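Line by line, the protein sequences give chains A and B. Numbering follows my numbering, with no gaps: position 44 of the first sequence is 44. Numbering follows my numbering, with no gaps: position 18 of the second sequence is 18.
Don't read these hints as lab results, they were simulated from the structure. Heads up, a few of these hints could be off.
Unchecked claim - Here are some of the chain A residues that sit facing chain B, going by a computed Cβ distance under 10 Å: (1) Gln102; (2) Thr106; (3) Pro115; (4) Thr117; (5) Pro119; (6) Tyr123; (7) Ile156; (8) Asn157; (9) Gln159; (10) Ala165; (11) Ser169; (12) Glu175; (13) Glu323.
Said to hold, decoys possible - Calculated pairs, SDA-like style, for lysine to any residue (alpha carbon to alpha carbon, straight line, at most 25 Å): (14) B:Lys166 to A:Thr85; (15) B:Lys166 to A:Asn131; (16) B:Lys194 to A:Phe118; (17) B:Lys166 to A:Val136; (18) B:Lys258 to A:Lys116; (19) A:Lys95 to A:Arg22; (20) B:Lys166 to B:Phe147; (21) B:Lys258 to B:Gly28; (22) B:Lys166 to A:Asp94; (23) B:Lys194 to A:Asp94; (24) A:Lys116 to B:Leu106; (25) B:Lys194 to A:Val142; (26) B:Lys166 to A:Arg369; (27) B:Lys118 to B:Lys166; (28) B:Lys194 to A:Glu134; (29) B:Lys166 to A:Ser382; (30) B:Lys166 to A:Asp83; (31) A:Lys355 to A:Glu377; (32) B:Lys95 to B:Ala85.
Claimed, not checked - So these bits of chain B aren't anywhere near chain A, every CB distance computed over 12 Å: (33) Lys66; (34) Thr108; (35) Phe147; (36) Ser238; (37) Pro264; (38) Thr270.
Note that this is a predicted model, so its numbers are computed, not measured. Glycine included, every Cβ here is placed at the ideal spot set by N, Cα and C.
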Amino acid sequence: MPAYHQIGHDSQNLLFDEGLTRFGGAILSPLNYPPEDIAAQLNRLSERENFVTLFDPHLYRPQSERLHLPSWDYYPKDVETADFTSEWWAGIIDKLVATALQLGPTAVASPAIVPKTFPDEFYLGLVENGNRLEAVLQGTSVKPTQTIVANLVDLINPQRAMSIASIMSKSHIEECLLVLIGNTDPRRELADPEELKGAMKLIAALESGGQRVTVATSSSEMILWKAAGATNCATGKFFNLRRFTISRFEEPGGRGGGQLPYWFEESLLAFLRQSDLLRVQARGLLSDASTNNPFSASTLGSIPAKESWLRLSWRHFMYWFAETEFRLSDGSVTTEDLLTTADETWATVASSKPKIYMEERDNNGDWVRQWMRALEEYPYFS
Amino acid sequence: MSAYALEPVAKAICDALGYTFGDGIGSGSFKETFSATQPDGVRVALKVLKPGCSTERSDREVEAMKRCAHPNIASLVELAQIEIAGIRHPYIVEKFMGGGTLEDRLRTRLIRRGELLKIGESLIGAVGHIAAQDLVHRDFKPANIMFADTEGEAVIGDFGIVRDLKRESITKTYFPSGPGTPYFAAPEQLTNDKALIDWRTDQFALATTLAIAHFGVHPYRWDGEDENQAIARVANRSGPSPTFVQLATHAELPALIKMLAPWPVERFRTPTMLLEAWRDQRGGD
Chain A
1 MPAYHQIGHD SQNLLFDEGL TRFGGAILSP LNYPPEDIAA QLNRLSEREN
51 FVTLFDPHLY RPQSERLHLP SWDYYPKDVE TADFTSEWWA GIIDKLVATA
101 LQLGPTAVAS PAIVPKTFPD EFYLGLVENG NRLEAVLQGT SVKPTQTIVA
151 NLVDLINPQR AMSIASIMSK SHIEECLLVL IGNTDPRREL ADPEELKGAM
201 KLIAALESGG QRVTVATSSS EMILWKAAGA TNCATGKFFN LRRFTISRFE
251 EPGGRGGGQL PYWFEESLLA FLRQSDLLRV QARGLLSDAS TNNPFSASTL
301 GSIPAKESWL RLSWRHFMYW FAETEFRLSD GSVTTEDLLT TADETWATVA
351 SSKPKIYMEE RDNNGDWVRQ WMRALEEYPY FS
Chain B
1 MSAYALEPVA KAICDALGYT FGDGIGSGSF KETFSATQPD GVRVALKVLK
51 PGCSTERSDR EVEAMKRCAH PNIASLVELA QIEIAGIRHP YIVEKFMGGG
101 TLEDRLRTRL IRRGELLKIG ESLIGAVGHI AAQDLVHRDF KPANIMFADT
151 EGEAVIGDFG IVRDLKRESI TKTYFPSGPG TPYFAAPEQL TNDKALIDWR
201 TDQFALATTL AIAHFGVHPY RWDGEDENQA IARVANRSGP SPTFVQLATH
251 AELPALIKML APWPVERFRT PTMLLEAWRD QRGGD
């Protein structure tokens, strides 16, 4: 199934770039945009046929991350003092539906917070919100999506993944938006194999139970989510921008200007800085997927000025993401293939003379082995 | 002396209602059951609650039965109470099931594949109806499955430990296990994982009942193990025994295997999905 794009940082126009039409959906962000901007985005996206527009109400941290949320009718005025009861959520959902019907996205996600802890009661509340959303949307053209917020650290316990899936499968909604919360350090790939196995187990359990999972804010680990059976994966412009951790790709002050350009190299499953790219290229280690990427030609032909390369790097990654999501879905490549190639290429990098020293010390491919372990072991994770 | 302490009460109720008293037919923790005949000749089951057992749980049983109206669910004829010597005795009158229980049948023989499919389909309908009322029966077992007559449809009765998902649970969260009959209970019931309890809990117990009725062995009971070990395996979510999986596969009953998955998410998600999969097994008959 097609990849989704998480709109943010003025990225909506990228969806109309030639070469990025493989994206089959977009996740709209009322956190980052006021109603008139989202309406304009929806108006433009309606030009694309069979394109999913998912309105995510973004109430994950309503008390601390507001940005444009207060300009939305469904944003609660009593967020500072509310007890987050079922009745309180019901009022928000009713207003959220009114907002969605006015805007006309194809789908709307049920509201959810990121809690301090993640007990069963929290998940029962998510189901309750989802089922209410489903009931209120009945008879309209807007489809409900069940939001699931899961803490990667909790998923280290394999029983937890299954109990969360068991609770979330009480939802009447088949489409799910999975938001994974993690403590991975900034500038690092998700690399705890136990967390990855738990997340994969959760995805696989939901999918085998008949629910379709879209994994939000994915980066290159998308290949693992696809292996676990995720229907869709979504990514942002800044590739590993993780919604709930500080990211190495986060722009200062939330606006443009401070991001370093990276090239995503499939043969290493790694993000490369400009000089690293030149070294890897010189050894002939770039993958066909990268060099055939329509946004690679001008980058590799003559390394352009930083600003220009930055723009190309977004597109280069997004193209890889959507194309690889597609290749994994149609079976023309497997996650195992990608990991095996990356493992071999990193071995080549390690044994090459003269040695290749990546600009960032931790950019050493260690996560590839962890991902291989996660892929191999998650079906037996119990 | 009768084995039924409440027989005098039952007789008094029959006198008051104009019924002809029959016999004692069953006794549980909360009530004793008697057969009786109405003036028009229709036989009924008279359930008299034990003194002090008119609890919130018994109230919920009655409420649940009132909410259900399905040909495969025991129907409530009357609910009232009688006062004898200053003691109030609530009682329930239900349609009498003359065909006995599944437990009675299993004393003489296992049920054949065709019967299994028919009984299963009837009871899946009942499970779906109970689920639609936001109820979980929590006590599917051979003793609670009755037949109107020898050829009749299977009917589920005894809502004594029914869980109403719209109301606060009576069972405390800190209890190690929830109410139920352990040998037939689902893992989430045995471990009191309250958040996981829903209609799929009944799906598991129904499947356990059907598996025992057809194969004569608990699906989680490994060769050479006893009942308690089977219960422990269910609680530990170890999955059905290889022997059972082999038997059910050979008998072309894949839906039965899926119903017995240790986690609810691995079972059928909706009663409609379950019913379709169950009917798909007809081909092997």
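Violated hints - listed by number, lowest first: Result: hints 1, 2, 3, 4, 7, 8, 12, 13, 18, 19, 20, 21, 23, 24, 25, 26, 27, 29, 31, 32, 36, 37 and 38 break, sorted rising.
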